[in-house]
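Novice: The lines below spell out each chain.
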Amino acid sequence: MFTYLGRWIIEFLRDTYYVFRVIVRTFSSLVFSFPVGRRAKLDVIYKQIYFTGIEAFPIIFWLALMFGIIIVTEALSILPKLGGELIIGQVLVWIVIRELGPIFAAIVVIARSGTAIASELGSMKINNEIAALEIMGIDPDDYLVMPRVIGAAISILVLTFYFEAVTILGGYLLAGFGERIAFGEYTSSLLEAMGLLEVGVSLIKGMIFGLIIGGVCSYHGLKVGRSITEIPQETTKAVISSLFLVFVSSALITWFFFR
Amino acid sequence: MRPIVEIKGLCYRTGEGVVLFEDVDLLLCEGEKVAIIGPHGSGKSTMLRIITGAERPERGDVELFDEEVALLNRREIYKLRRRIGVVFMDAALISNLKVIENVALPILYHTGLPRDRAMKRALSLLGDVGYADDVWLRPGVLPYHTKRMVALARALALDPDMLIFDRFLVGLDASQRVEMAALLDTAHYGKQGRLTIVTTNYEENIRDLSLDKVFKIEGRRLVGYRLS
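Sequences listed follow chains F and V, in order. For the first sequence, numbering that gives the first Met the number 0 gives the first residue as 0, with consecutive numbering after it. For the second sequence, numbering that gives the first Met the number 0 gives the first residue as 0, with consecutive numbering after it.
The set of hints was computed from the structure by calculation and includes no laboratory data. Beta carbons are placed, not taken as given, at the ideal position from N, Cα and C, and that holds for glycine. Don't take every hint at face value.
Incomplete in silico selection of chain F near chain V, CB under 7 Å [to be verified]:
1. GLY36
2. ALA39
3. ILE125
4. ASN127
5. GLU128
6. ALA131
7. ILE134
8. MET135
9. GLY136
10. ASP140
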């Protein structure tokens with residue numbers, strides 16, 4: 000039991016270190032090597048934003064709407080009993096903007112694009128495509144990894160904002176409309192509670208989650224060796240590690256800014 | 000003739016500890032057409048990987064275009080490889096790019112050419128190798144021979160000084176072999192005979208080829224082979 004746990008911890012720490020290196024390498028590639036092959040890299044970044052961000056809009060919309068209905072309904076049923084309908088804005092900012100918006104966006108991206116990144120890179124490795132790039136003088140870190148990490152970070156940033164907007168507005172329109180609170184009161188309560196810090200932290204979380212997901216999934220994808228059976232194994236590891244690191248970093252950021 | 004690849008006293012051991020090459024010398028000069036032959040598993044592809052700097056030998060010197068490969072960092076090796084075109088045994092086309100994008104990729108990446116001109120050049124290269132299908136297909140649906148044609152077009156995209164063709168003619172029928180050999184000759188003449196061509200092959204596949212040198216992997220060494 001202790002041997003297993005010890006091995007798991009060592010493996011996790013080692014993988015986290017390598018993921019950190021992938022993220023650092025991404026920034027170094029972005030700053031120092033971007034002009035080399037700029038057009039080809041931009042193509043990959045646009046594609047990544049399209050697959051991770053734009054194609055996720057419909058699913059994020061429905062999830063956010065359902066989540067908004069739940070939160071607004073619960074809040075409007077509980078708050079009057081506590082005599083504080085007007086703190087609904089505060090509750091929504093605490094729950095949706097500070098915490099769950101970035102986390103929900105990250106979970107959707109892990110499920111849709113994180114798995115795709117890990118399995119695609121793994122299959123490229125097996126099929127010698129990575130070796131072919133290297134032989135063409137194209138660094139896979141610059142051409143494959145950096146655009147995926149940056150694309151994922153930009154996408155989650157946008158999806159986080161989109162999720163929060165749909166949850167708050169859609170939730171009110173579907174669950175709160177005609178209830179005891181008017182739309183004007185609802186929005187003013189929300190705007191009063193929402194400071195620059197809340198919005199800033201929410202977007203910082205989104206961006207950090209994107210870097211983590213892009214880094215973790217690229218790392219595990221490129222870790223695939225010679226056997227095709229390693230692709231699903233590494234993809235599963237990528238999902239688990241991404242989820243774990245997203246929740247840990249979310250807790251750390253919240254603790255740092257709001258303790 | 001100017002040396003392109005010069006290997007002296009090379010020893011190479013695989014990751015599993017098996018000694019594949021021992022005290023190997025090799026000299027390839029500009030414009031030469033060379034074949035490296037040997038049975039399956041003898042190290043033909045590994046030798047190509049050593050030549051391109053993808054594998055580091057245990058001992059010995061490898062010089063590529065007058066540069067000592069062991070002294071180059073990652074960036075310098077990548078830069079040097081722009082002068083080499085490689086056709087892999089399995090073609091290794093990038094599966095998420097269309098056929099034309101595969102050929103245009105090295106042009107877009109390494110030259111400042113705008114997209115439309117890179118695409119035109121890719122189209123012309125695909126025409127040169129006789130590719131007749133839809134250029135907007137993904138390579139996964141293409142037959143083996145056609146994939147290798149596309150890979151050859153990609154390898155020629157940056158007008159390389161050396162073309163490496165792994166398992167040349169292997170897995171092709173008689174007419175495809177004639178076609179592929181003619182393509183290689185055309186590429187050679189197209190560069191006024193200055194293109195160095197290195198292929199790996201099995202002994203039975205080289206009889207009808209016009210080659211300047213043939214090396215056979217025998218007893219962990221490269222020995223000159225006389226075509227009978």
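Novice: Are the hints correct? Go through all of them and say.
Specialist: Hint check:
no.: 1; hint: GLY36; in the structure: holds (4 Å)
no.: 2; hint: ALA39; in the structure: holds (5 Å)
no.: 3; hint: ILE125; in the structure: violated (10 Å)
no.: 4; hint: ASN127; in the structure: holds (4 Å)
no.: 5; hint: GLU128; in the structure: holds (5 Å)
no.: 6; hint: ALA131; in the structure: holds (4 Å)
no.: 7; hint: ILE134; in the structure: holds (5 Å)
no.: 8; hint: MET135; in the structure: holds (5 Å)
no.: 9; hint: GLY136; in the structure: holds (4 Å)
no.: 10; hint: ASP140; in the structure: violated (9 Å)
Consistency with the previously given hints fails for numbers 3 and 10, ordered from lowest to highest.
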